[in-house]
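K.L.:
Now for the letters of each chain:
2 protein chains.
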Amino acid sequence: MAGAAPLKGEKAMSEKRTLGFVGTGLMGAPMTARLLAAGNRVVVWNRTRAKAEPLVAKGAVLVESAADVARQADIVFMCLTDTNAVEEAVFGADGIAAGASEGAILVDFSSIQPEATRAFAKRLEAETGMRWLDAPVSGGVPGAEAGTLAIMAGGTQDVFEAVKPFVLQMAAQFTLMGPTGAGQTTKLCNQVIVGCTMAVLAEAARLATNAGVDATRLPEALAGGFADSKPLQLFVPRMVNGQHEPPLGHVYTMLKDLDSVGELARASASPVPFTAMAAEQFRLLSVRGGNDADALEIFKLSGASKL
Amino acid sequence: MAGAAPLKGEKAMSEKRTLGFVGTGLMGAPMTARLLAAGNRVVVWNRTRAKAEPLVAKGAVLVESAADVARQADIVFMCLTDTNAVEEAVFGADGIAAGASEGAILVDFSSIQPEATRAFAKRLEAETGMRWLDAPVSGGVPGAEAGTLAIMAGGTQDVFEAVKPFVLQMAAQFTLMGPTGAGQTTKLCNQVIVGCTMAVLAEAARLATNAGVDATRLPEALAGGFADSKPLQLFVPRMVNGQHEPPLGHVYTMLKDLDSVGELARASASPVPFTAMAAEQFRLLSVRGGNDADALEIFKLSGASKL
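In order, the protein sequences belong to chains A and B.
So the first sequence is numbered by my numbering: it starts at 1 and just counts up by one.
So the second sequence is numbered by my numbering: it starts at 1 and just counts up by one.
Calculated directly from the structure, the hints in this document are not laboratory data.
Treat the hints with care, as some may be off.
Since the list can't tell identical chains apart, any single copy or any two copies may satisfy a pair.
With a straight-line Cα cutoff of 20 Å, these simulated DMTMM-like cross-link-like pairs (lysine to aspartate or glutamate) come out [said to hold, decoys possible]:
1. K51 to E88
2. K256 to E115
3. K230 to E220
Excised from the complex, chain A in its bound form (with noise of 0.2 Å):
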């Protein structure tokens, strides 16, 4: 990006360089971990700081807040729940853009809205002169414990290729998809497939379990077909046998993802219909069983059965 700040990324390799870590939840945890494990120095921050304590015994370096990480790393990994916890982590009270400097690097890991993400890169660009790459993951929290996550890009090349090397350390697949906001785009469509499929599969299960077929076996009559998937194979059975501990994910993690896409259908005038219904399936799902639902308890919505 023409006059845009040199990168610090760019000096990366000959040096050793701090990394940050800001949101050490429930993804955010085993991510930092693969980053200590690899040999970078991460300082880490969590707004429950319990959450963070752990990562003090594997080498991380636990500080008093975002803008303390940001004042100490060149490159600031950010793992968060949605758009308001993200703002409020960089441009709230001691927050990342209080700490930030010219060249630096935010890379968002966090599933935010695509508008809010350009939004909020373009402000933290103007105020600070730190570079946003947005990098939100798929693949849940076994695939951030396994280093396998599938991460969409959106930013410029240069940042792309700057913190390429340490997402690797955390990711299988890490594509640049486009400028800025690209990203969240990409994950959105990711999530347009996996909530409609999550459906879709609980209405054949159930089809299947009230047309007189053992539902459990459809993943063996059906493997290496058009029908066959990791989530066939994983979210049937778990779903039939009411296997919902821990959850495969919260169905409030799943809504607000879905009603972003209905918001990003609406402003690029994109028929949603599959994605419209999921969500409401989902919200029924969010009102009878509560936003900790595990998201394949939609299967019991078509069910005689309690919730």
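Add chain B to chain A, keeping to what the hints say.
P.N.:
What follows is chain B alone, placed relative to chain A:
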């Protein structure tokens, strides 16, 4: 099954038997070719004779009627378009029933209604003593050619075991799902997933395109995550690039299956909102693009350009 006739199939492995194949179309022809290549004697018949003739060069014996196939073969395989075609080939003039004998087996690879399957099977056994195994297939023409089909069966264990060695010359997966009709029910569950997945992938690809992301890169960006599948990798590039020759499958076939799902769902009190919406989208496609349109042209329905 107590009281059923001893299976001719049971003398199978000790002596060379004659197999039959009725319906040597897009799927039946490569399936028959695999039986011939494995060294079996196969008697064939097809309503349109020209479609069966190339098999003669591969060693097939071409006869004048479905009844003639049944007269010569202990195990008759059949692969036809729909419920009406199956009824005609079995119970019509010079049909399979006219040449059927006690203890012989009819393996129906067609995808037809479970309820019709049960009625046909009952009638055929009552009138002739021939046993029925419903065994609809998944995997398309490429799977038929490569012998990698997934086949889901309904019937009794003894019939299933008697035909298994021959079916596995055409398929990688052969699973007995329950009594007569259970194979067809399982195939409909398969089609719930495949049909809805096509529509959902079209929705995701359109959203990406409209929101400024290159949809042909979705397979790469989402590889390995929960959104990944054979359909993602194969269907999305074809949709976005408008590659519909040869068609992946005709919209007529998909719509026939999804309408069968609708009937089964009503009969079993199963809510199938996603399948119902997919059926109406494929119906719209069939109205605009004709019955022979490629089912993947569903992507065009949400585009500004002409179908």
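K.L.:
Indicate, hint by hint, whether the structure satisfies it.
P.N.:
Taking the hints in turn, this is what the structure says about them:
1. K51 to E88: Within. Shortest intra-copy distance 18 Å satisfies the 20 Å Cα cut-off; inter-copy 69 Å does not.
2. K256 to E115: Within one copy only: 15 Å inside a chain, 42 Å across chains, cut-off 20 Å.
3. K230 to E220: both (12 Å within a copy, 16 Å between copies)
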